Amino acid sequence: MQFNLKLPLSNDEVKKLHVGDIVYITGKIFTARDEAHKIMLESDMKDIPFNPKEMALFHCGPLMKKDKEIWHVVSAGPTTSSRMEIFEEDFLAKFDTKLIIGKGGMGGKTQNALNKNNAVYTSYTGGAGALAAERIFEVDNVYWLEELGMPEAIWIFNVKDFGPLVVSMDSHGKSIYK
Amino acid sequence: MIKSIEDGIVSLIKKAETELPSDVIRALEEAKKIEEGIALTQIETILENVDLAKNKKRPMCQDTGIQTFFVNVGIEYPHINKIKEYITNGVKKATKEIPIRPNTVDPFTGKNQGDNTGNHIPYITWNFSKGNDVFITSLPKGGGSENMSKLGMLKPGVGIEGVKDFIVDEVIKTGGQPCPPIVVGVGIGGGADLSLKLGKIALLRPVGSRNKDKNIADIELELISRINKGGKGPMGLGGKTTVLDVHIEKAHRHPASLPVGIVIQCWANRRADMVIHSDGSWEVK
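Sequence order for the protein chains is A and B.
Going letter by letter, the first sequence gives residues 4 to 181 in our numbering.
Going letter by letter, the second sequence gives residues 316 to 600 in our numbering.
Simulated from the structure, these hints should not be mistaken for lab results.
Every value quoted in this text rests on a predicted model; they were computed, and no experiment measured them.
Any given hint could be a false lead.
[As the list claims (entries may be wrong)] No more than 27 Å apart at the CA atoms, straight line, and that leaves these computed lysine-lysine pairs for DSS-like:
#1 B:K347 <-> A:K181
#2 B:K408 <-> A:K68
#3 A:K69 <-> B:K369
#4 A:K177 <-> B:K544
#5 A:K18 <-> A:K163
#6 A:K119 <-> A:K9
#7 B:K371 <-> A:K71
#8 B:K369 <-> A:K163
#9 B:K371 <-> A:K163
#10 B:K372 <-> A:K71
#11 A:K71 <-> B:K347
#12 A:K69 <-> B:K372
[To be verified] Partial list, derived from the structure: chain B residues whose beta carbon lies under 8 Å from chain A:
#13 T360
#14 P374
#15 M375
#16 N462
#17 A583
[To be verified] Stretches of chain A that chain B covers, calculated by requiring three or more beta carbons in the stretch to come under 8 Å of a beta carbon on chain B:
#18 62-73
#19 160-171
Ideal Cβ placement from N, Cα and C applies to all residues, glycine included.
Just chain A, same shape as in the assembly (with noise of 0.2 Å):
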């Protein structure tokens, strides 16, 4: 199946989806890799800028272009997930995101919290950055940028039919990498 889903996603949407489903994206999506993850585990709640339950969770260091102050998306494909299995589980659990986006799938530990949370994991095809960067309308802010540098940044961007996702760690237990 097809989708077009509009984010945030209700439980309801959440559960629709099946491994093999094709997934395109509008909204608000924030990227975040191995030190995003961490900062976030160790910030108090009321000190994270943004709404994470409301965002897709993108694993993606972009490759940004600042002109006249204004920041660009030059190319943005997903990182490999695996790194992220050591943290993935206790980030559902706090910030309750619905859908990751990344490229190779991730381990048992994600895949129960994604079952527990009502979660997707969907996989983007890795490198397709230049493609991805031309869904990708407008950069909504950054965060923690001078810190981490550019790719570790947590980058908030605006989507438009961003995908194809395919659906490959449902919220059902199925898992495409098995």
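Chain A is fixed; fit chain B onto it per the hints.
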């Protein structure tokens, strides 16, 4: 003159980052013919992305890699002592101009250098030959695929069959992580470092080319077939094409050692070539 050659380095990096070599595109087109379902959507997305990157002159992948160069210096070239400076300054300039992602981080402090240079980086391999031209190949190497590299110090008793099994198992194990369909470079023999070095050098060969030694060429074909039968497929989502190619290089080994260095390259097997002439003029190919 120095400025102009630095611009040449920028142009070399830009070509590598934005235009996938035709041999790799051909292999992806072949994969498109045999894949279906989700595997086909992955190949189609890759090809659409490759087209877009070339037309819009933007890096095809946000991971623009560690800047890696193979330099063959003609010993009559008059400014040999300047070549490293040309490359390093070119990398700094390319970081801002193309742009490419700042990818050099201090392993102790975690600080990003911001300009793609640092200790030992850009990573340059030097060779020397007769003549007065300098040939430079750019091979920007992404982190996701590099993380899947593997060194096996096998027992010589396992023989070439053991080497083949090791390569097939290790490559299939990487699943979707290195962004398949991948190109695999393998160095067999030498010591630990040399086998991995040969694995990386093997990536410079065009996709579809075979080792000149018929026996090794046959092993390459056998490995391609065995790995692809594993079914991991594009992005590890299942399918017929896990590898676009396997390239093997060999070195003689110590009687007690059988090193096997596996270097994994994502589908974005980015490469570009440049020649600098003794009068300072240059071309990027």
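task = Identify every previously stated hint that the structure contradicts and give their numbers, smallest first.
result = 11
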